[in-house]
Amino acid sequence: MSQLLPFSQRTDIRVLGSILVIGAVFVSRAVKNAWKARKLPPGPMGVPLLGNLLQLLGDKPWNVFDDLHRKYGDIVHLDLAGEHWVIISNHKIACDLLDRRASIYSDRARSIVAGELLCGGMIFGFTQHNEIWKRMRRGAHEALNNQKVRDYFPFQERESVLLISQFLKSPNLAREHFSRAAVSLVISIMYGRPPLLDSHDPDIVRINEFTHRTFQAMVPGAFLVEFLTWMEHLPRWMTPWRRWAEGHFKQDSKLFERLFGEVKDRVDAGDETSSVAATLIQDQEKLGLSSHEAAWVAASLYSAGSDTSAAQMEWFILAMVLFPSVQSRAQSELDRVVGRDRMPTFADYQHLPYIRALVKELLRWRSINPFSIPHRLCQDDWYEGRWLPKDTICVVNIWALNRDKAVYGEDADELLPERHLDADGQLPGPFFEDTKDENHHAFGFGRRICSGRHVANNSMFMQIACLLWAFDFALAPEADGKLPSVDDVEDSTGTVRPKSFPCAITPRHVDVEGIVAQTKELLGF
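Count along the sequence shown starting at 1, add 7, and that's the number in the numbering used here.
Rather than coming from a laboratory, the hints here were simulated on the basis of the structure. Model, not experiment: these values are computed from the prediction. A few of these clues could be false.
Calculated pairs, EDC-like style, for lysine to aspartate or glutamate (alpha carbon to alpha carbon, straight line, at most 16 Å) [what the hints assert, rightly or not]:
{"no.": "1", "residue 1": "K506", "residue 2": "D495"}
{"no.": "2", "residue 1": "K99", "residue 2": "E440"}
{"no.": "3", "residue 1": "K271", "residue 2": "E253"}
{"no.": "4", "residue 1": "K412", "residue 2": "D73"}
{"no.": "5", "residue 1": "K99", "residue 2": "E391"}
{"no.": "6", "residue 1": "K257", "residue 2": "D290"}
{"no.": "7", "residue 1": "K155", "residue 2": "E279"}
{"no.": "8", "residue 1": "K257", "residue 2": "E300"}
{"no.": "9", "residue 1": "K271", "residue 2": "E300"}
{"no.": "10", "residue 1": "K46", "residue 2": "E417"}
{"no.": "11", "residue 1": "K261", "residue 2": "E300"}
{"no.": "12", "residue 1": "K141", "residue 2": "E292"}
{"no.": "13", "residue 1": "K506", "residue 2": "E183"}
{"no.": "14", "residue 1": "K397", "residue 2": "D210"}
{"no.": "15", "residue 1": "K261", "residue 2": "E216"}
{"no.": "16", "residue 1": "K527", "residue 2": "D348"}
{"no.": "17", "residue 1": "K293", "residue 2": "E138"}
{"no.": "18", "residue 1": "K155", "residue 2": "D290"}
{"no.": "19", "residue 1": "K67", "residue 2": "D495"}
{"no.": "20", "residue 1": "K271", "residue 2": "E292"}
{"no.": "21", "residue 1": "K397", "residue 2": "D86"}
{"no.": "22", "residue 1": "K99", "residue 2": "D441"}
{"no.": "23", "residue 1": "K443", "residue 2": "D106"}
{"no.": "24", "residue 1": "K99", "residue 2": "D81"}
{"no.": "25", "residue 1": "K67", "residue 2": "D498"}
{"no.": "26", "residue 1": "K141", "residue 2": "E300"}
{"no.": "27", "residue 1": "K412", "residue 2": "D81"}
{"no.": "28", "residue 1": "K67", "residue 2": "D494"}
{"no.": "29", "residue 1": "K261", "residue 2": "D210"}
{"no.": "30", "residue 1": "K176", "residue 2": "D518"}
{"no.": "31", "residue 1": "K46", "residue 2": "D86"}
{"no.": "32", "residue 1": "K397", "residue 2": "D387"}
FRET-style restraints, in silico, Cβ to Cβ [to be verified]:
{"no.": "33", "residue 1": "L530", "residue 2": "Q223", "range": "33 to 39 Å"}
{"no.": "34", "residue 1": "H136", "residue 2": "D444", "range": "20 to 26 Å"}
{"no.": "35", "residue 1": "D487", "residue 2": "G268", "range": "53 to 59 Å"}
{"no.": "36", "residue 1": "Q223", "residue 2": "W389", "range": "35 to 41 Å"}
{"no.": "37", "residue 1": "G416", "residue 2": "Q223", "range": "45 to 51 Å"}
{"no.": "38", "residue 1": "S492", "residue 2": "M245", "range": "39 to 45 Å"}
{"no.": "39", "residue 1": "D275", "residue 2": "S492", "range": "51 to 57 Å"}
{"no.": "40", "residue 1": "L56", "residue 2": "D205", "range": "34 to 40 Å"}
Just so you know, even glycine gets a beta-carbon here, dropped at the ideal spot from N, CA and C.
Starting from the given sequences, assemble the full structure and let the hints guide the process.
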């Protein structure tokens, strides 16, 4: 037949056939994608081009997530300028996806301003899944594993004594005291430095400014370029955020490399003081880290642990005022185990199960991070009949998970340390499935779980034990009996903390000041 047709006609038929085949493929894909789109998790309608983006540009994104949870359920789909996002507000779903399917849910979304420009891809908590991230994560785990953190007990005991000493002098400056203690402790653990008595030290001021900038830049909606990615191709003169971020990265790199270099000089001179930087220097070849990468591992851990731990301790003060029975039971345990003639130490750790349970419960009841750093799905996935497309950004509503009444009971909104204890009043291990020995989700999921969680738990234990050994916490007379609200919060630094309120902090017995002075003298400061 083809031989009977002119060449031009045969060519036309082939072209037409190709067009029909290509058209069929496009139609098939369009039908398939339309079918898949109907299988996305439920979510609100958006506006053209921007989708649901405008809904996230408010003051407190976690309130938006909470509203979406109530309206649409445990997993909600959002269209953010063409990018798929899902908000997960259920314990089982979060663990099924981010823990049990961690191999495909452990990547990070691109963080153009905070991750790539402001931190040069060197803050491994924000870094996408690549070889740099693997090396830096391995270094962090090497320096902060559950055995290594015991080397930092002396730092944590020392800072807790200093904290009590400062509260004795000026009990009305709780935020300032917690901030100094957090910064001093983290810089001691990271760089082996002596206690910081002046929170206005120039290096500390610069590192705190770096931390503040980074957390602010990470807040969803802080920079439109994160959603309208075409903006990164605009001319440099039209992108002040690029100039701002790159300028700070150059300055911050010099600072962190200098701090790391100072530790290297001390290690080379025979100094055996334990620190994260010293561990990274000693194991640098084994870990395959460059000096630049190792310097930024320490910087990453510093930024993750300073402001966050201070904010969490502010929630402790509020909790003691709101739940005096918890305070009383914790103090009774301290009086029985420690007594009143010395301060608590880590030697008391195993004998203070209620204090350890209080640490877990505080992190569950009021985590300072109400939602997770976003994870990115690296391939198409299906979950309970719902389609999750490749590159979907997954955010966990930590606030909702830690109050899941199906997990924690109808009293999930209450502070009850005993929910973590067995019938004998002991802390046997994880009571709640899939919480990785923590009984809460404050430290994240999968391969992105917080590397510093053991340090954080130990620091909170020691500070809380010392504070409750030394002081009573109550509402100040000037409050006229009006209790502070747990909903009255601020998040100017990217972490959620209670607003300041009038609190009376008084020594529990007359010998507190003398015992603290003796302990300081024994510790050599």
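Evaluation of the provided hints:
no.: 1; hint: K506 to D495; verdict: 6 Å, holds
no.: 2; hint: K99 to E440; verdict: 9 Å, holds
no.: 3; hint: K271 to E253; verdict: 27 Å, violated
no.: 4; hint: K412 to D73; verdict: 15 Å, holds
no.: 5; hint: K99 to E391; verdict: 12 Å, holds
no.: 6; hint: K257 to D290; verdict: 26 Å, violated
no.: 7; hint: K155 to E279; verdict: 14 Å, holds
no.: 8; hint: K257 to E300; verdict: 14 Å, holds
no.: 9; hint: K271 to E300; verdict: 14 Å, holds
no.: 10; hint: K46 to E417; verdict: 32 Å, violated
no.: 11; hint: K261 to E300; verdict: 13 Å, holds
no.: 12; hint: K141 to E292; verdict: 15 Å, holds
no.: 13; hint: K506 to E183; verdict: 13 Å, holds
no.: 14; hint: K397 to D210; verdict: 42 Å, violated
no.: 15; hint: K261 to E216; verdict: 15 Å, holds
no.: 16; hint: K527 to D348; verdict: 14 Å, holds
no.: 17; hint: K293 to E138; verdict: 15 Å, holds
no.: 18; hint: K155 to D290; verdict: 13 Å, holds
no.: 19; hint: K67 to D495; verdict: 12 Å, holds
no.: 20; hint: K271 to E292; verdict: 14 Å, holds
no.: 21; hint: K397 to D86; verdict: 14 Å, holds
no.: 22; hint: K99 to D441; verdict: 8 Å, holds
no.: 23; hint: K443 to D106; verdict: 10 Å, holds
no.: 24; hint: K99 to D81; verdict: 10 Å, holds
no.: 25; hint: K67 to D498; verdict: 8 Å, holds
no.: 26; hint: K141 to E300; verdict: 11 Å, holds
no.: 27; hint: K412 to D81; verdict: 13 Å, holds
no.: 28; hint: K67 to D494; verdict: 12 Å, holds
no.: 29; hint: K261 to D210; verdict: 12 Å, holds
no.: 30; hint: K176 to D518; verdict: 15 Å, holds
no.: 31; hint: K46 to D86; verdict: 14 Å, holds
no.: 32; hint: K397 to D387; verdict: 4 Å, holds
no.: 33; hint: L530 to Q223: 33 to 39 Å; verdict: 36 Å, holds
no.: 34; hint: H136 to D444: 20 to 26 Å; verdict: 25 Å, holds
no.: 35; hint: D487 to G268: 53 to 59 Å; verdict: 55 Å, holds
no.: 36; hint: Q223 to W389: 35 to 41 Å; verdict: 36 Å, holds
no.: 37; hint: G416 to Q223: 45 to 51 Å; verdict: 36 Å, violated
no.: 38; hint: S492 to M245: 39 to 45 Å; verdict: 43 Å, holds
no.: 39; hint: D275 to S492: 51 to 57 Å; verdict: 54 Å, holds
no.: 40; hint: L56 to D205: 34 to 40 Å; verdict: 51 Å, violated
Hint violations for this structure: numbers 3, 6, 10, 14, 37 and 40, all remaining hints satisfied.
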